[in-house]
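Peer 1: Kindly generate the complete structure, drawing on both the sequences and the hints.
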Amino acid sequence: MLLFYPIIADQMKAAVQFSDEECCGFIFGLEEEGNVRTVTAMMSAKNISPLNKRSSFEISASDYIDAENFAAQHHLKLLGVYHSHVDFPATPSEYDRVAAQPYFSYVILSVVENTVEAIRSWTLKDDFGFEEETLSIININQQIHGYRNHPNSAA
Amino acid sequence: MATVIIPTPLRKFTNNKVRLTVQAKTVSDMIQKLTSEFPDLKKHLLDANGSVPSFINIFVNDDDIRNLQREQTVVMENATVSIVPAIAGGAPQ
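First to last, the protein sequences are chains A and B.
The C-terminal residue of the first sequence carries number 155 in this note's numbering, and the numbering is unbroken.
The C-terminal residue of the second sequence carries number 1093 in this note's numbering, and the numbering is unbroken.
Simulated from the structure, these hints should not be mistaken for laboratory data.
Predicted model only: the values in this text are computed from it and were never measured.
Check before you lean on any hint, since a few could be wrong.
Claimed, not checked - Pairwise CB distance ranges (calculated):
(1) A/P6 / B/N1061: 22 to 32 angstroms
(2) A/V112 / B/T1003: 43 to 53 angstroms
(3) A/N139 / B/R1066: 41 to 51 angstroms
Said to hold, decoys possible - Just so you have them, the derived chain B footprint on chain A, three or more residues with Cβ under 8 angstroms:
(4) 27 to 33
(5) 57 to 67
(6) 73 to 83
C-beta atoms are modelled at their ideal positions from N, C-alpha and C, and glycine is treated no differently.
Peer 2: Pasting the structure below:
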């Protein structure tokens, strides 16, 4: 399960919705037992795809290394990658699947007429197929409750 | 010994170890030793032809092995070898 703090979800939407090219970046956060992941930060990356950027994306190795370093410096986990599909559903393509790495959450935002119509997340299974994971935006009440029970909480 | 930096997606195959030390003369030798110790890494570091898959980049110090001698690139004593997944994808054409 992938949980987003509302402000992070909004930042991610803002990063992709006004572009007619695919946008991409990284998501960071915490992982708890039961594979519950909470996204607490994001980082945009430049799309360097040599193909049509409206239907493809690629992130440089240096941006990837920056993301790993950011996670280590902030004691967060690099949980995965987000990218947008312009005028296409938030379902992974064969290109997405072939390039996918284990462990990562692959968040796809479907953008239609400068509006994010859907956000879905996928993970790679052991047989190299994609499996959708539950994605939720934390509401304020859950956020407070979750904070009080967080293992790093002082209370 | 060379230090190998394991990227987040592959750490579940190395008991969550981020850095490993390996005595190896070449990248190919390094991969063989890594996959011998951590067999589940093999399907992610080698394709059916025994080559590094296109969606995995390997840097010896700061140099991409595809710009050197690929899997036969020499790994010097005290080198840092970084395994970097290529992040790419996109909507169907």
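Peer 1: Evaluate each hint against the coordinates.
Peer 2: How the hints compare with the structure:
For the hinted restraint 22 to 32 angstroms between A/P6 and B/N1061, the CB-CB distance of approximately 42 angstroms leaves it violated. For the pair A/V112 and B/T1003, the supplied restraint of 43 to 53 angstroms holds, since their beta-carbon distance comes to about 46 angstroms. Between A/N139 and B/R1066 the beta carbons are some 47 angstroms apart, a value that agrees with the proposed interval 41 to 51 angstroms. With a cut-off of 8 angstroms between beta carbons, the stretch 27 to 33 of chain A has 0 residues touching chain B; three or more are needed, and the interface restraint is violated.
Counting residues of the stretch 57 to 67 of chain A whose beta carbon lies closer than 8 angstroms to any beta carbon of chain B gives 6, which meets the minimum of three for the stated coverage. For the stretch 73 to 83 of chain A, the stated coverage by chain B is satisfied: 4 residues place a CB nearer than 8 angstroms to a CB of that chain, which reaches the threshold of 3.
Consistency with the previously given hints fails for numbers 1 and 4, ordered from lowest to highest.
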